[in-house]
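Engineer: If you read the sequences in order, they're chains A and B. Under the working numbering, residues 1 to 112 are what the first sequence spells out, in order. Under the working numbering, residues 1 to 113 are what the second sequence spells out, in order.
Watch out, some of these pointers could steer you wrong.
Claimed, not checked - Which stretches of chain A does chain B cover? Using the computed rule of at least three CB atoms under 8 angstroms from a CB of chain B, they are:
1) 43-49
2) 90-97
3) 103-109
Said to hold, decoys possible - Every beta carbon over 12 angstroms from chain A, so not counted as near; a handful from chain B, in silico:
4) S7
5) K11
6) V12
7) T13
8) R22
9) D62
10) G63
11) S65
12) S69
13) S80
14) T82
15) Q85
16) T111
17) V112
Note that these hints are calculated values from the structure, not bench results. Where is the CB? At the ideal position from N, CA and C, for every residue including glycine.
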Amino acid sequence: AQRVTQPEKLLSVFKGAPVELKCNYSYSGSPELFWYVQYSRQRLQLLLRHISRESIKGFTADLNKGETSFHLKKPFAQEEDSAMYYCALSVLSIQGAQKLVFGQGTRLTINP
Amino acid sequence: DAGITQSPRHKVTETGTPVTLRCHQTENHRYMYWYRQDPGHGLRLIHYSYGVKDTDKGEVSDGYSVSRSKTEDFLLTLESATSSQTSVYFCAISSGSSGNTIYFGEGSWLTVV
Chain A
1 AQRVTQPEKL
11 LSVFKGAPVE
21 LKCNYSYSGS
31 PELFWYVQYS
41 RQRLQLLLRH
51 ISRESIKGFT
61 ADLNKGETSF
71 HLKKPFAQEE
81 DSAMYYCALS
91 VLSIQGAQKL
101 VFGQGTRLTI
111 NP
Chain B
1 DAGITQSPRH
11 KVTETGTPVT
21 LRCHQTENHR
31 YMYWYRQDPG
41 HGLRLIHYSY
51 GVKDTDKGEV
61 SDGYSVSRSK
71 TEDFLLTLES
81 ATSSQTSVYF
91 CAISSGSSGN
101 TIYFGEGSWL
111 TVV
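Whenever a hint applies, use it, and build me the whole structure from the sequences.
Structural biologist: Listed below in structure tokens is the structure:
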């Protein structure tokens, strides 16, 4: 069965410190993974996906198939990074739909 | 932002009453989805659609039905609302295929009392 685990519900760091949000997945096929960010009571926004390997707002994430992980990192946290972060795994249905399996989310707080 | 509109944005209803949430898109995307967001569970897929009149169940479909009579509209109905269906509901759209971006609506806050 497909599963995404984000072990930290809450994470608090100081401004300027490095940030790492953990994500582990379980999937028998070739994984397609995403990180979404949700600012207070707003829609989910795509932060990045492993296929594009691009860096958004200074965040990066590397897919490690051996450890089945897709951790999100940023070298220097900023106060505007405070938000809820979701790791998600895309599972294609037989009709071609991209069904997302989400982790429980990590609420990141950046302290001044 | 992708052209996705959800209505109503906020609703309070009584247990046992039917409720319909609407998702409207202007992107002409083939696939549409309904998720619910609950603390400790992240988002979970309720139902999805892969075309007009074509729908399928997601992970938490019990107590929900959906309909899609036009490409742009995807309706989620709670036939008889229960307190366990108090949640935030998000609609999402995608053009399909691996690598494509999935866009989310702004959410509908539903409280069942």
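Engineer: Run every hint past the structure and note whether it holds.
Structural biologist: Hints versus structure:
1. Remark: the segment 43-49 of chain A is confirmed as covered by chain B, as 5 of its residues place a Cβ nearer than 8 angstroms to a Cβ of that chain, reaching the required three.
2. Under the rule that three or more residues need a Cβ within less than 8 angstroms of chain B, the assignment of the segment 90-97 of chain A holds, with 6 such residues.
3. Given a C-beta distance limit of less than 8 angstroms, the hint that chain B covers the segment 103-109 of chain A holds, as 3 residues qualify and 3 suffice.
4. For S7/B, the requirement that its beta carbon stay farther than 12 angstroms from each beta carbon of chain A is met, with the minimum near 14 angstroms.
5. Every C-beta of chain A lies more than 12 angstroms from that of K11/B, the closest at about 15 angstroms, which supports listing it as non-interface.
6. Every beta carbon of chain A lies more than 12 angstroms from that of V12/B, the smallest distance being close to 17 angstroms; the non-interface claim holds.
7. For T13/B, the condition that its CB be more than 12 angstroms from all CB atoms of chain A holds, with the nearest at approximately 20 angstroms.
8. No beta-carbon of chain A is positioned within 12 angstroms of the beta-carbon of R22/B; the least distance is around 16 angstroms.
9. Taking the minimum C-beta to C-beta distance to chain A, about 17 angstroms, the non-interface status of D62/B holds against the 12 angstroms cut.
10. With a least beta-carbon separation of about 19 angstroms from chain A, G63/B lies farther than 12 angstroms from that chain, consistent with its non-interface assignment.
11. Non-interface status of S65/B relative to chain A is upheld: no Cβ of that chain comes within 12 angstroms, the nearest being about 18 angstroms off.
12. Non-interface call for S69/B relative to chain A: holds, since the shortest CB-CB distance, roughly 18 angstroms, exceeds 12 angstroms.
13. Once the 12 angstroms rule is applied to beta carbons, S80/B is consistent with being away from chain A; the minimum gap is 26 angstroms.
14. Distance check for T82/B against chain A: the nearest CB is about 23 angstroms away, which clears 12 angstroms, and the non-interface claim stands.
15. For Q85/B, the requirement that its beta carbon stay farther than 12 angstroms from each beta carbon of chain A is met, with the minimum near 18 angstroms.
16. Against chain A, the non-interface label of T111/B holds: every CB pair exceeds 12 angstroms, the least being about 14 angstroms.
17. For V112/B, the requirement that its beta carbon stay farther than 12 angstroms from each beta carbon of chain A is met, with the minimum near 19 angstroms.
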